[in-house]
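Work out the full structure: start from the sequences and follow the hints.
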Amino acid sequence: MAVLYRELNVLYSTYCRGESDPLPPLSIQYPDYAAWQRQWLSGDRLETHTSYWRTTLAGAPVLLSLPTDRPRPPQQSYAGDHLPIRLDSQLTQMLKQLSQEHGMTLYMTILAAWSSILSRLSGQDDIIIGSPTANRNHHQIESLIGFFVNTLALRIDLSCDPTMNQLLHRVRSSTLDAQAHEDLPFEQVVDIVQPTRSLSHSPLFQVMFVWENNETSEWQLPAIESMEVDPSYSISKFDLTLQLYESDDEIVGSLEYSTVLFDRQTVERHIGYLHTMLQAMAVNQEQTISNVYLLAPEERDLLLRTWNETQQDYPTHLCIHHLFEQQVDRTPQATALVFMDQSLSYCELNERANRLARHLVGLGVQPDTFVAICMERSFAMIVGVLAILKAGGAYIPLDPTYPRERLISFLEDARPRIALVDNVGCTILREATLNQSFQKDHGDDVPIVLIDTNEPKSPPHTNPEVPELTSRHLAYVMYTSGSTGRPKGVMVEHQGVVNHIVCRLEEYGLDNSCRVLQFTSLSFDVSVLEIFSALCSGGSLSLLQDDIRRDSTQLWNFLHQHSITHASLTPAILQSYKDFPRLRTPLRLTLAGEALPPSLICGLQPLLPKGSLIVNEYGPTEATIIATTWKSTAVFNGHIVPIGRPIANKTIYILDKQGQPVPSGAVGELYIGGVGVARGYLNRPELTSGAFLSDPFTGDQDARMYKTGDLARYLPNGNIVFLGRNDHQVKVRGFRIELGEIEARLVEHTLVDKAAVIAMGEGSDKRLVAYVVAKPNDQLVNSLRTYLSSGLPDYMVPAAIVRLDALPLTSNGKLDRKELPAPDNASFARQEYEEPRGEIEIGIASMWAELLHLDR
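Per the UniProt record's numbering, the sequence shown runs over residues 1 to 856.
Rather than coming from a laboratory, the hints here were simulated on the basis of the structure.
Don't take each hint at face value.
With a straight-line cut-off of 27 Å between C-alpha atoms, the simulated BS3-like cross-links for lysine-lysine are [what the hints assert, rightly or not]:
1) Lys-657 <-> Lys-707
2) Lys-818 <-> Lys-775
3) Lys-814 <-> Lys-775
4) Lys-814 <-> Lys-707
5) Lys-775 <-> Lys-578
6) Lys-766 <-> Lys-814
7) Lys-814 <-> Lys-631
This is the structure we're talking about:
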């Protein structure tokens with residue numbers, strides 16, 4: 001543009017004076033340059049450039065996964081906007097000084113800061129940024145008007161948390177290397193590298209940095225007043241484009257952004273982060289980029305304080321069975337338990353539990369004594385849980401449906417003093433404890449108490465007193481899967497359970513009119529919520545038969561026929577909602593245990609009467625049942641289902657690898673603090689010390705937080721979005737993929753009742769495989785692929801789609817991904833052969849058939 005400004009100024013002034021054209025004739029024209037470039041860029045010179053770019057961009061990330069306010073659409077939209085940027089003269093001067101000290105240009109220094117922001121926001125340490133270069137490297141073309149600009153793909157290494165000095169050195173080196181090979185047109189670079197293509201984003205990079213370092217240009221037209229006008233445009237070719245230049249001792253410009261992906265306030269924060277990083281870089285180059293607090297004090301306070309204001313009173317001195325005993329005093333004759341055609345009052349339940357508890361005390365049970373319980377669903381199972389707690393012990397649930405080897409591993413690890421069983425549990429545990437390896441490691445058999453025969457029948461009926469028992473003693477130990485294959489016993493104290501139940505009663509208004517479903521296996525901690533939210537409110541607990549638990553239609557009919565008011569289920573068990581009748585009783589339906597698809601909420605809402613509520617809950621066993629909740633709106637039509645905000649007396653932190661809060665919207669690991677953080681893992685001190693950490697954000701030196709291993713981010717309103725596991729991210733063809741998004745899309749199709757998606761294979765052979773419960777249809781695979789392609793990027797469309805009669809479920813009602821079968825040939829999309837038409841099509845088809853060694 002400077003050439004155009006200069007020549008037009010000269011010509012206009014000259015012609016106004018009546019003089020002839022003073023500009024010298026051009027020695028070459030643009031076509032001459034193009035021809036020369038084609039000839040010059042060949043042979044060894046071409047090989048040098050292509051070799052550099054091929055090596056530099058080998059294995060480059062396909063996509064910069066910035067946190068966006070909306071999902072990326074399947075086809076790139078160029079709708080955009082921009083916000084102004086201004087770096088004052090003081091900061092500009094500091095950056096100039098810094099650049100001079102490191103032998104760099106301002107462009108390189110700001111590029112280093114920009115790349116560090118992108119790394120912090122995305123969680124990636126391998127960043128590619130596009131940057132245009134003037135490419136006027138020959139004096140013959142300095143005065144030539146034409147498009148000489150080329151684009152460089154600058155790959156920046158931010159691994160190992162570099163210091164500012166290290167990062168500046170890396171950026172300087174990579175930039176100079178790229179500029180030394182800038183003569184190769186970008187289009188040829190793309191051809192050489194052959195990046196994975198997608199219609200949803202540009203290849204190689206999705207973020208640009210434009211530095212205007214041409215000479216200052218202005219109109220000097222006699223008798224004409226001119227002024228610069230900021231053009232109003234609404235396009236953005238990339239996700240983000242940072243455009244800067246020097247003006248009057250300041251650095252000014254704009255940040256252009258895709259309005260399809262980002263909200264204005266999000267981009268405003270990005271600009272603030274850039275200011276902060278540049279300030280930090282100018283002041284201290286010895287600090288690492290992770291040590292720079294990007295957050296302004298008010299944003300940090302918002303994340304750590306405002307969104308964690310959950311303080312609420314609860315009886316800190318009570319154990320969970322004390323709340324039940326108080327309820328017995330209030331409503332002794334009310335129905336406590338219902339199972340099939342039988343019922344049990346609060347008074348009867350308490351008396352039975354008291355008798356058994358005193359028997360357990362006589363057998364040596366005291367605070368923190370482990371008592372195993374292996375029983376089928378029955379009144380006796382609930383009696384057993386209450387009795388163990390009343391005796392001061394901690395119960396260890398053993399699901400009778402679990403493999404014997406797994407139950408043996410629990411017993412070997414916990415070494416319970418006693419085991420409470422029914423007839424089924426007795427048989428199972430006797431088989432397990434007769435195992436030679438168990439006897440060798442454990443010594444004597446675990447004493448087995450068969451409740452149906454050994455439950456004492458005589459008084460006293462009063463609640464047993466265990467003076468030494470406090471709310472800091474253990475209520476239960478529940479085993480969860482371990483990454484090493486060895487289950488982990490999570491030790492949970494009464495205090496956390498009491499806090500959660502009291503919060504639950506107040507939050508959902510549970511009272512003596514409620515009817516709570518007991519759906520979950522005793523080995524899954526949601527069962528604690530079910531049992532005690534009913535028995536501490538005066539309501540009734542309806543126990544579900546196992547055959548009904550495994551059939552979603554029968555389950556829904558049970559809710560309907562028994563007028564259940566509160567149920568906690570997993571999303572997987574409800575995915576065949578299209579066949580469900582509308583309920584007649586308002587239902588508080590909480591869904592937890594796995595990601596909740598938006599389509600499931602939309603499908604269930606019409607089936608629920610007025611006054612109902614769907615709640616998405618999140619919480620690992622290590623944080624005592626539930627940590628966050630989100631309530632759906634009356635008419636939900638969103639694309640994202642958050643896990644919500646922390647419940648009473650719990651705190652949530654989303655932190656980076658250095659344990660610092662990430663900016664709002666950025667991806668980080670989720671940590672849970674406050675009341676209910678478990679004591680730790682039984683007999684696993686190293687594992688405990690790595691997962692249960694000191695909480696540095698409370699000011700209380702005894703405060704602890706749990707490192708979940710889950711990825712999450714904040715929405716602008718403070719709700720949290722769960723993004724999957726930190727240690728099990730699915731990455732296919734270089735793309736990081738959330739499988740739940742594909743599953744949600746599948747179940748929206750009219751042919752599909754349920755769906756699951758997994759990644760199968762390793763490395764470059766990894767492929768997505770979808771499993772659907774659908775009616776047989778010859779065109780099912782092709783139909784679903786076409787449907788998915790219309791709403792998802794191509795890299796998210798599964799390579800194979802397998803039809804099943806039912807999805808395999810675990811005993812807790814969760815999807816059992818390990819039992820999904822491998823796809824056969826029929827699961828892959830097939831297209832009918834279509835004969836080429838016309839001479840041109842026949843010729844092209846013939847050439848491809850020859851190249852691919854195909855018959856046709």
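We went through each hint and held it up to the structure:
1. Lys-657 <-> Lys-707: holds, 11 Å
2. Lys-818 <-> Lys-775: Measuring from Cα to Cα gives roughly 23 Å; hence the hint holds.
3. Lys-814 <-> Lys-775: Roughly 22 Å separates the two Cα atoms, so the pair holds.
4. Lys-814 <-> Lys-707: Roughly 23 Å between the alpha carbons, so the hint for Lys-814 and Lys-707 holds.
5. Lys-775 <-> Lys-578: Within the cut-off at roughly 13 Å; holds.
6. Lys-766 <-> Lys-814: holds, 24 Å
7. Lys-814 <-> Lys-631: With a Cα-Cα distance of about 21 Å, the restraint between Lys-814 and Lys-631 holds, given a limit of 27 Å.
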